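Novice: Here is how the chains run, residue by residue.
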Amino acid sequence: MSDEIRHEWPLFEVFVRAKRGLNHVHVGSLRAADHPMALHHARDLYTRRNEGVSIWVVRSDDVVSSGPDDKDAFFAPSGDKAYRHPTYYSIPDSVPHI
Amino acid sequence: MSFDDAYDALTDHDDDTRWAYGTGFADPLAGVPTIVPDGVEPADLVAYCLMLGDDALVMSHRLQQWVTRAPELEDEMALANIGLDLLGQARLLLSRAGEVEQAGFEQAGVAQGGGTARDEDALAYLRDPGDFRNVRLAERADEDFAHLVARLLVFATWRLALLDRLTGSRDPILAAIGAKGVKEATYHREYAAGWVVRLGDGTDLSHTRMRAAVDAVEPLAGELFVPHAIELRLTAAGVAVDPSALREEYDAVLAEVHRVAALPPPPPIEAATGGAGRDGVHGPELVEILTEMQELARAVPGGVW
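Protein chains in written order, with full-length UniProt numbering: chain A, 1 to 98; chain B, 1 to 305.
No lab work stands behind these hints: they were computed from the structure. Nothing here was measured: the structure is a model prediction, and the numbers come from that model. Using N, Cα and C, we set each Cβ at its ideal position, and we do this for glycine too. Treat the hints with caution; some may be incorrect.
[Claimed, not checked] Here are the computed distance ranges between Cβ atoms for each label pair:
id: 1; chain 1: A; residue 1: His24; chain 2: B; residue 2: Ala179; range: 28 to 36 Å
id: 2; chain 1: B; residue 1: Pro284; chain 2: A; residue 2: Ser54; range: 42 to 50 Å
id: 3; chain 1: B; residue 1: Val260; chain 2: A; residue 2: Ser29; range: 56 to 64 Å
id: 4; chain 1: A; residue 1: Ser29; chain 2: B; residue 2: Pro264; range: 47 to 55 Å
id: 5; chain 1: B; residue 1: Val260; chain 2: A; residue 2: Gly79; range: 51 to 59 Å
id: 6; chain 1: B; residue 1: Ala175; chain 2: A; residue 2: Ser78; range: 53 to 61 Å
id: 7; chain 1: B; residue 1: Val32; chain 2: A; residue 2: His24; range: 30 to 38 Å
id: 8; chain 1: B; residue 1: Pro265; chain 2: A; residue 2: Ala33; range: 23 to 31 Å
[What the hints assert, rightly or not] Listing some non-contacts, in silico: residues in chain B with all C-beta distances to chain A over 12 Å:
id: 9; residue: Val40
id: 10; residue: Ala78
id: 11; residue: Ala80
id: 12; residue: Arg118
id: 13; residue: Gly194
id: 14; residue: Arg198
id: 15; residue: Thr208
id: 16; residue: Arg211
id: 17; residue: Gly222
id: 18; residue: Ala229
id: 19; residue: Leu232
id: 20; residue: Asp242
id: 21; residue: Ser244
[Stated by the list, open to error] Partner residues are not named here, just some residues of chain B that face chain A (Cβ under 8 Å, in silico):
id: 22; residue: Asp27
id: 23; residue: Met77
id: 24; residue: Tyr191
id: 25; residue: Glu270
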């Protein structure tokens with residue numbers, strides 16, 4: 001154990017997969033001393049009602065996110081490029097599941 | 001949704017017993033016959049169901065008392081979940097006790113005028129302390145969180161070993177309750193062992209306090225392994241589990257947890273003289289629990305909301 005004593009556990013982000021084949025979805029966050037404890041806490045907090053078959057936990061510190069200031073440069077340019085959407089093209093009737 | 005089926009093939013349907021909750025609601029007793037196995041005295045089976053049910057009910061109440069007291073919100077949820085698991089086991093076991101009691105009355109025949117068996121609520125709320133058959137470990141009040149996890153480790157290790165063997169019971173309901181409980185107790189034991197290791201192998205202060213807790217709690221394990229006459233009769237009938245057969249597994253688990261937790265080996269268990277709790281002999285701590293638990297049900301008989 002390290003000599004440093006923290007008075008507050010670090011924050012973790014929790015992702016739960018509802019069923020096999022679907023992707024993990026962010027469900028919330030929690031505090032825990034380390035990764036194994038975070039996994040246990042996630043099980044106790046976020047899968048009490050049969051929500052999941054798989055859990056990921058990630059230290060919140062390790063998540064790199066886009067900031068509000070980046071909003072224009074990051075996202076606005078895609079607004080006027082309709083050809084990036086499949087609806088821009090006409091789809092033959094014989095092609096299902098688009 | 002049609003694409004659910006496409007992914008269904010990817011699903012592995014193995015149960016991971018570390019997680020107490022499955023991926024769909026299921027009645028653990030669905031389709032299980034409720035007959036009383038032949039060669040079994042109904043009164044014995046009622047008493048046995050009460051033993052296992054009262055252990056769960058009383059331990060559950062102690063865990064519920066930790067809600068709003070736990071050191072962290074996350075652990076409060078964990079303790080509440082464990083308490084709810086045990087309450088679920090208690091309900092099934094007390095219901096079974098009532099069902100067998102009814103069968104006993106019917107067997108005794110019309111000559112005695114029959115009788116009305118008690119349901120799970122009557123058994124939980126209207127019995128006096130002397131009629132409770134839980135082991136005294138379950139009623140023990142926890143001085144602090146270390147005492148709680150030490151007690152939960154002893155309780156869950158013992159109960160997991162017991163429920164695991166109960167799955168082979170000739171009583172179909174007890175076997176089904178055992179199968180459901182194994183998944184739950186596996187998690188309870190893991191939770192408790194995790195904390196004993198964390199605190200035992202933590203700072204000097206946490207080690208000292210964890211050591212004091214196991215020293216205080218583990219001697220209470222003595223009575224867990226002393227079979228009651230009823231347990232022996234029902235074990236011979238293939239219905240119950242002889243608790244003295246659980247010692248080996250219990251000792252191995254406790255020794256391993258102590259080793260990893262950097263705690264001295266657990267002291268050898270001294271067999272308690274007589275199964276005190278199993279005979280209905282309890283301390284003031286059970287009275288305190290029942291006063292709290294039964295207050296409303298006794299003040300407002302038959303009340304619902």
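Novice: None of the hints should be skipped; say for each whether it holds.
Specialist: Status of the hints after comparison with the structure:
no. : hint                             : result
1   : His24(A) x Ala179(B): 28 to 36 Å : holds, 30 Å
2   : Pro284(B) x Ser54(A): 42 to 50 Å : holds, 47 Å
3   : Val260(B) x Ser29(A): 56 to 64 Å : violated, 29 Å
4   : Ser29(A) x Pro264(B): 47 to 55 Å : violated, 38 Å
5   : Val260(B) x Gly79(A): 51 to 59 Å : holds, 57 Å
6   : Ala175(B) x Ser78(A): 53 to 61 Å : holds, 60 Å
7   : Val32(B) x His24(A): 30 to 38 Å  : holds, 36 Å
8   : Pro265(B) x Ala33(A): 23 to 31 Å : holds, 26 Å
9   : Val40                            : holds, 36 Å
10  : Ala78                            : violated, 4 Å
11  : Ala80                            : violated, 8 Å
12  : Arg118                           : holds, 31 Å
13  : Gly194                           : violated, 7 Å
14  : Arg198                           : violated, 7 Å
15  : Thr208                           : holds, 14 Å
16  : Arg211                           : holds, 16 Å
17  : Gly222                           : holds, 31 Å
18  : Ala229                           : holds, 40 Å
19  : Leu232                           : holds, 38 Å
20  : Asp242                           : holds, 33 Å
21  : Ser244                           : holds, 33 Å
22  : Asp27                            : violated, 14 Å
23  : Met77                            : holds, 5 Å
24  : Tyr191                           : holds, 7 Å
25  : Glu270                           : violated, 34 Å
Hints 3, 4, 10, 11, 13, 14, 22 and 25, counting from the list given before, are not met by this structure.
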